[in-house]
Each structure stands twice: as structure tokens, then as C-alpha cells.
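Following the hints, position chain V against chain L.
Here are the chains, one letter per residue:
Protein chains: 2
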Amino acid sequence: MKLIKRSENYSERYNQIVQEAQLAENSSVRWCMVIKPYGFAIRENIRNILDAMFKATWHVNAYFPLFIPKSFLSKEAEHVEHFAKECAIVTHYRLKLNDEKKLVVDPEAKLDEELIVRPTSETIIRDSYKNRIHSYRDLPLLINQRANVVRWEMRTRIFLRTTEFLRQEWHTAHASKKEAEKETIKMLNVYSDFASNYMAMYHFIGQKPEHEKFAGADRTYGIEPMMQDGKALQAWTSHNLGQSFAKAFDVKFMNEKNELEYVWATSRWVSTRLLWGLIMAHSDDNWLILPPALAPIHVVVVPFFKTQEELKEIKKYLKPITKKLEKMNLIFDSKVLKKYKIKIEIKIDEDDQKSPWWKFNEWELKWVPVRLTVGSKEMAENKVEIYRRDTQEKVLVEINDVAKKVEELLYEIQKNIYDKHEKFTKENTFVVNDYNEFKDKIEKWFVLAHRDGTTETAMKIQDETKATIRCFLPNDEKEIGKCIYSGKESKGRVLFAKAY
Amino acid sequence: MKLIKRSENYSERYNQIVQEAQLAENSSVRWCMVIKPYGFAIRENIRNILDAMFKATWHVNAYFPLFIPKSFLSKEAEHVEHFAKECAIVTHYRLKLNDEKKLVVDPEAKLDEELIVRPTSETIIRDSYKNRIHSYRDLPLLINQRANVVRWEMRTRIFLRTTEFLRQEWHTAHASKKEAEKETIKMLNVYSDFASNYMAMYHFIGQKPEHEKFAGADRTYGIEPMMQDGKALQAWTSHNLGQSFAKAFDVKFMNEKNELEYVWATSRWVSTRLLWGLIMAHSDDNWLILPPALAPIHVVVVPFFKTQEELKEIKKYLKPITKKLEKMNLIFDSKVLKKYKIKIEIKIDEDDQKSPWWKFNEWELKWVPVRLTVGSKEMAENKVEIYRRDTQEKVLVEINDVAKKVEELLYEIQKNIYDKHEKFTKENTFVVNDYNEFKDKIEKWFVLAHRDGTTETAMKIQDETKATIRCFLPNDEKEIGKCIYSGKESKGRVLFAKAY
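Residue numbers (the working numbering), protein chains in the order written: chain L, 1 to 500; chain V, 1 to 500.
In short, the hints are calculated from the structure, not lab data. Mixed in with the good hints there might be a few duds.
[To be verified] EDC-like cross-link-like pairs, simulated, lysine to aspartate or glutamate; straight-line CA separation at most 20 Å:
id	chain 1	residue 1	chain 2	residue 2
1	V	K247	V	E259
2	V	K466	V	E437
3	V	K110	L	E108
4	V	K85	L	D106
5	V	K75	L	E153
6	V	K130	L	E310
7	V	K338	L	E86
8	L	K343	V	D51
9	V	K444	V	E412
10	V	K341	L	D51
11	L	K415	L	E427
12	V	K359	L	D138
13	L	K96	V	E153
14	L	K96	V	E464
15	V	K338	L	E345
16	L	K55	V	E326
17	L	K341	V	D51
18	L	K101	V	E100
19	L	K55	V	E44
20	V	K101	L	D351
21	V	K231	V	E427
22	V	K102	L	D112
23	L	K347	V	D138
24	V	K55	L	D112
25	L	K306	L	E378
26	L	K75	V	D138
27	L	K491	L	D440
28	L	K130	V	E259
29	L	K75	V	E20
30	V	K55	L	E100
31	L	K110	V	E113
32	L	K110	V	D112
33	L	K110	V	E108
34	L	K377	L	E393
35	V	K110	L	D138
36	L	K359	V	D138
37	L	K75	V	E100
38	V	K101	L	E86
Chain L extracted, bound-state conformation (with noise of 0.2 Å):
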């Protein structure tokens, strides 16, 4: 296979480094994706972690149906209007065999209600909410699920657009406005944290515009990571839902005052497109880049060996490394996850029908962050040779320095892509006050400037460019100007980007 250079053709690059690393494929079904295990391992690194955030941060997990009535769909119109459209129905529960023994849906079968396979879950989680909240004292409900959704998107493409993908996705409700908003800034700021300290993503954060919300809420903010080619990718969002589905489902409560009132709601999820985001944040001309917090294998080892006698002293000689590497734990820096730790995962690579070098590949395609190679040469020197995948330096260590040496490479190695991913969004993104050089930088890059904020204004710069409104910036560096479209007074920078 020949490399793509991403210059070139950025998103055939992307399906290269999908294959090469073996992380998913299509499948015979239509635009659905089977995650291979390499994949699904990132993708349950990345669970396990969430799953401790929101251990942490008191949220629980559940589960509810993977149909919703038809009916359900109609009771939030701006909801209807964004999910209803193009989404798999069932329409029949029953299969039979015609006369000619071929297999045929039976019209005998026909459901009277058609079941929509969920394009997402509000309205199927506010009904059971109905019957669990009476009073004051049953909020807040603090429910996470982790579910299939379906929608039958067009421009398919693995992890980023898929018929069928993953997810998690929060539903809580809440006694008064004012803590949904804070529960919604509050998970906001655990997506983060995760991209930050786990994902190893330089990011934007804030509100969305209002023509940006999620459908149906009343407030929507996110989270926003240039990619390499320096759009935005529209991944982790955080919805205050106000009181429009608990309206639209009748959820009430007796509050304190001993009053009925409509429950107030958020909801948030993350996907399998974060591993879209891993990829094109990260990976670079040769490889897939995979920060070491999110690594399904830390450490490969590569025997130099002949014989099976040979191999059996390797392993004896490494043993003390790998018991001391198998105690040890990686502990990133997380505000909300103080003291998770990692397992150092290690896989000895015995396969005696491969070559060394043929493994090498092997493992650079999947960007295992530290290679050791010990043959008969190391073990005179009493010596293994260390190759740190970042930055490709080989190093020989003494042996009893080795497990210490290969946990400072992990932590710097987490640290270096970060550090990499915040240099490039920072020099790619632009503080402009001109609509000229606003639209020449926006082809390409992250911009920061004045709008006047009017939902019309931003049409019609999207319409000419293409580019939207991703975020506000936080308040503490607001900055009076001037609307770089309108000339209208502007309240604040905004963030503007294409985005995935």
C-alpha cells in the first residue's frame, strides 16, 4: 500500500490509518462499521475512563429500549423537525417463507404503531422518568446509558458518520433551572478534563450560539478541538433542556413548596466519533498517534530468538521487568479522576513464524508507545534496547533501570502529544477584525472574532464561507469590538471554524 501523504488527500489518509492500524471496517451492511478488536480496545479504554468520571461525579448507568413509538417522535416539534426524518423503521415482526420457499416479510405482521430504532433517547427516557418522579426528594436523577443509535445518514464514513454507532448519553433531571445549568456546565467541564488529561487534546470551550442548540434545548455548550486540517469537530456537547421535554412528556413534581412543576433536564453524550477525533487530532503523515492513557498495549516486547530454548531465556532474563511493569499503574493529571490508575499493559510478541523486523511493523502500525528488543547481544551487556515510538530514538537501558525508564517515557510521551496538539490549534488560530482576512484564514484555520450576534449575520457568513459559530469564549475574556460582517457592536470574540 502506498502512504498517502494528508496534504495530499487528507481523508483517504484517514481510511488508511484505519485500515493499517486494524481498527474497524464496513461491513456488508449498509454504511454500518464492525469495530475490530484493536478499535474496540481504545474504545473501552475510553468507556472504563468515562465510566470513573461519572462514577465520581455521582451519575449512575441504566437501560432503556432501543425502539421508540412513533408517537414519541411527534411530542417535541423542534425534535421531530432534526431526528424524525431519516431514520430506520420497523414496520413488521415477522418473516415467513412464500410459495416459492423464498423469504418474505409477512403483511400479515404489520405493527399498528411503527417502532423507530432510536436516532436518540430523550423521549423514550423522559416517559420512564414520568413514573419515577413525584417528589423534590427523588431529584435529582443523575442517569447514564450506554447504547446503539441509528440514523440513516448519507455521506457515511467510519467513527466520524455511520448508520449504527456507539455512545453514551446522559439524561438527568433536576428540581429548579438553576441546578440543571449547573450540572450542565458542570459535565461539560468532565468532557474536558477527559479530552484533555486523557485524549491529549488542546481544546476551546463555551456556549454555543443560539441557532447552534441541540433541538429542543433551551441552552447548548461544547467543547472544540482543531483537527489537522484545522476544522473543528462537533463531538461533546452539554444541552440545559430546560422544561421542554418534560412538557412535551408531562414529567412533574411536588417542589418544596409543595407546588407541581415541570421537571428541568440536560443531556450530553460522547460517541464512537471520538475516535475520529483521536485520529485526525493526532495522527501524522506515517502512522496513527495514540496518546499512552488510551493505549489497549503500552509496552511490546520483541524477542530476538531462533530457538524456543532461546526465547524461554529471554523470558527469564525480562522477567523482573515485566512483574514490576505488570505492579505498576499510570496516574494522569484529572481533576475529576485524582488517583485512577492504568494498568501497563504488555504483550510479549512470541509468534515464531514472524520475523523481528516484520513485527516491528507490526506494532508501529499500531503505535504502541515503547518497544523493548532484547536478543543474545543485550543480555551479555546485561541491557535492553528501549525504542520510544514518538520521536523513533532507540535507547540501551541497564536492566534494572529498564521499568522505571519505560514509565517516564509513557508520562512524557502523553504529555509530548499534547503538548503538539496545543502549539498546532494555537498557531492555527487566527484573532482577525477584517471580513477579508476573516474569509482568506477561515479556508483553512480557527478564528477568533466579533460578530453581532444576530442569527442572521451568521447565516449569512456561513452561507458565503461555510464556517459557523463553534463557541463563545468564557466570560472572563470578553472584549468589546465590532462585527466583523455587519459592523454592528459586537459583545464578545467568538470562536468561528468549519467543522465535521
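Using the frame of chain L, we list chain V on its own:
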């Protein structure tokens, strides 16, 4: 709610337990359940332990599509016979608003080929293996998937049989018949280990007769625990699929002799049905009974306090205990997981709106194995009251001994639950040599009896008694005898029972 006794109406009693312990509930969607946080936490503990067992036996997780093209189901003849009948069928991919502004299925968005919501995944997974397996070096392929599946069941019941349920499914591929058989038995034993040591379930284990095999399998094995109404539960089976799916999906590999050969396959799964088994095997007239190995909370602390000041004091008093307990791990006997650690989970119920007695009741219903009670009286004596959930005994224990005592109790309770189930099963499993006695005993209990080995006899017995052959007994328990029905020669006793 009036407590119903198991002897009055066992299935009503079951429903009460599911409701009281807040495990799950019916949803607004046809026979789909909502798994509530406490029930889902038990299911997650099951998942975590099984995942550790899969890892210990070198299996990896992956994910395959939710939808199966209709034509796939037709490819394996027995398979379609068994599964294709009652299933959810996606026929359209778009809704639209009609002239009356009602949401309807868009007739123009009809699929060329209908998609079936997976009732099981053999076909889609084997199809994807075709691209992955080329040579014997690609084998074995040991893949596990966690997924929701849908079967259009008629008589539904929470956890036992619902339209949608969650499960883990293994689909492995091997280079020889022998290896496939070895895997089938090995992983059956993994299930057996899990059932004994974590679910605290005594059980029979063995091969299923020809007519009870999985559709498309060469051989099926199962493990058979007794529910308290004397029925068996069909929940853990292990299938040697031979080459039938490989032939249907044309999955071939180059073997060591350089010949093209169809791949040898196995599959097996467990589902949320295990939760039905857990309740039906252990729970009594009063409560859910939960083995500590699977309990979401091991220790609940109910403090007696009137003011926040008093609560603070109690928490300070308990701090050394909770600290000690939080560092403790439970390690249960298991051949597969020698050192799997289960963190002791502690919950301090600080709610100041509920009385301690109200809390006692709540945690009794959820069957938290150990309860600690502390008030000013206990503090004055430097003690803590420990309540042991299974025997309902209370003891006052010196504060320094509490952690150790709690640990001991958790192991003891686990053992007692298993011992009780073993005793119950053994007492109610009858060795029978006469058909009249058989008919009498099989009405309610397990029976070990001789049969002539023909499907015809098995079917006649089933017609007359509703009992099926659950499994053959292991080879070392073989004994020649005469069929209780036909009087013909029998090569060994088998386990008969009615089953869920």
C-alpha cells in the same frame, strides 16, 4: 404491598422482587424493559467478571452491526427455520409529515432489501470473518461481542424473555475440528466457574441431546441450575458449530498442508436472563437474595443522628473503618480468575429526610449483605452494630475489629448462598427407574433417569410430561441401564427437567 408467597404464586412473587429491589420495569414500548440503576449495576458486575474471564482466556472484544440483511438469514437452513420467524423488520428509512401534518412513513423510502434487527449474530459475524481469515496463521480467532438483540417474543417476562435483551456472545474460528471442540468445552467450563463461584449456583453440566442442539450446531453443551420451583433454566449453552456456518458463508482458510478448508467454528452467549436465574435460584419469600460477589453495594452504613453535627461526628468515628474497607478486596475461589479483586463498596446513607427504620427497609429490599449501625450509644461503647443480611443476626463489635468482621461475613454469606442452593438442588434431584415415579417427580423436580437415546422416545416423554432432557451426565458417571419409557438399553442416565 402484600407479600405473596412463592408457594401461592411464584411468578407474581418474582414480579414483586423485581419491583421492590428496583431492578427493572416494563417500558411503554412493547415488551421491552427498562433496566434500572440497581439492576444494571448487578449486570455490570456480571459483565466485569466475565470480561476478566474472557481476557484470561485470550478472547478479545469487537462489535458487529445491529442489522442483518434478510438474505443472510436464508443462508443457513436450520438457522432461518429457528430465528427468522419472529423478528423486528426494518422496511423503510424515512418519516415525513403528511398533508394533515401527521408523522407517517414515507412510502418512497422503502429499502430494496429489508434489514432484520439481529436476533443473533452468527450470520453477520461469519460474513465479516470471510475477509479476515486466509491462512491457518489467522486462527484461532477468539472474538466476543456485547450487544442488544431483538426477538419478537410472545409471552414476555422481565429478564427471562423480553423483545430486546442484552447479551455477550462469543464467535470463534479454528483450524481444526478438535480445536473447536476443545474451545467449546473449555469455555463451557468458564461459564460453570462463573456460575459456581460468583453467582453461587450449584448446577449440572453436560452435553445436550441431538434434538436440543442450537440450530446449525454439531454439538451443544449446557449448564443446568435448578430454580426454586424445580425447573431448569436454559441460559448457558456452548456450541460446536462444526463447518455449517463456514459453508453457508464460504469462510475458507489455507491449512498447514496448503489445502483450502472450511473454518471450524464455535459460539456461546449469556444474556440479561442470568438476572432471572439469580432471583429464581436464591430469593426467598421475603427478599431478593444477592451473592456478595455480584452485589453493587456490600456494606450500607445507617447512622442514627438528629443534627448535621451528630452526623459529622459519626462519620469521623467511622472514618478508620471505611478507609480500611475501601482498601480491601474480595477474592473468590475461581480457577479461571485466580486473583480477580472485587472492591468492597460502602454506602453511607446520610439522607436526613428518612428515618433509620425507613432506610433499614430500603436496604433490606435491595439485599445489601452487611449493614452497620452507629449512634451515640455505640460510639460511647467504642462499638458498631453489624447486621448480617442472610441470617438477620446482629452483633456489637469493637470498632477495631469491624473491617475484619465485615470481610469474613461477606465470604461467609457468599458460601452460605451457594451451600443452600447446592443442598436444595441435591435434595430435589431424584434418581428414578420407573416411569410412574418419573411422572410424579418430574412434575416438580429434577430427575436422573435412563432413556434409550432416540429422539422419538424423548419427544414422547416431553409430550406426556412437558419435561426435556437437559443434558447427559459426565462420562465418569456413566452407568448402563434400561430406558424408563421404552425399556430398551440406555448407555447412561440423563438429567430430565421442565425448563424455562
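Pair hint K347 of chain L and D138 of chain V, alpha-carbon separation not exceeding 20 Å: Holds. K347 of chain L to D138 of chain V sits at ~18 Å (cutoff 20 Å).
Pair hint K343 of chain L and D51 of chain V, alpha-carbon separation not exceeding 20 Å: Roughly 16 Å between the alpha carbons, so the hint for K343 of chain L and D51 of chain V holds.
Restraint status (C-alpha distance of K491 of chain L to D440 of chain L at most 20 Å): violated, 24 Å
Holds or violated: K247 of chain V to E259 of chain V, with C-alpha atoms at most 20 Å apart: Since the Cα atoms of K247 of chain V and E259 of chain V sit roughly 16 Å apart, the hinted pair holds (cutoff 20 Å).
Pair hint outcome, K110 of chain V versus D138 of chain L [Cα-Cα no greater than 20 Å]: violated, 44 Å
Proposed proximity, E326 of chain V with K55 of chain L (alpha carbon, max 20 Å): Since the Cα atoms of K55 of chain L and E326 of chain V sit roughly 15 Å apart, the hinted pair holds (cutoff 20 Å).
Agreement of K130 of chain V and E310 of chain L with the hint, judged by alpha carbon distance not exceeding 20 Å: violated, 36 Å
Pair hint outcome, K75 of chain V versus E153 of chain L [Cα-Cα no greater than 20 Å]: violated, 28 Å
Agreement of K338 of chain V and E86 of chain L with the hint, judged by alpha carbon distance not exceeding 20 Å: Violated. K338 of chain V to E86 of chain L sits at ~49 Å, over the 20 Å cutoff.
Hinted pair K55 of chain V and D112 of chain L, Cα distance within 20 Å: Distance ~45 Å between K55 of chain V and D112 of chain L Cα, so the pair is violated.
Given hint D112 of chain V paired with K110 of chain L - CA-CA distance at most 20 Å: Given pair K110 of chain L, D112 of chain V holds - Cα atoms ~18 Å apart, limit 20 Å.
Given pair status - E108 of chain L, K110 of chain V, alpha carbons within 20 Å: holds, 18 Å
In terms of the numbered hints stated before, the structure departs from hints 5, 6, 7, 9, 14, 18, 20, 24, 26, 27, 28, 29, 30 and 35, listed from lowest to highest.
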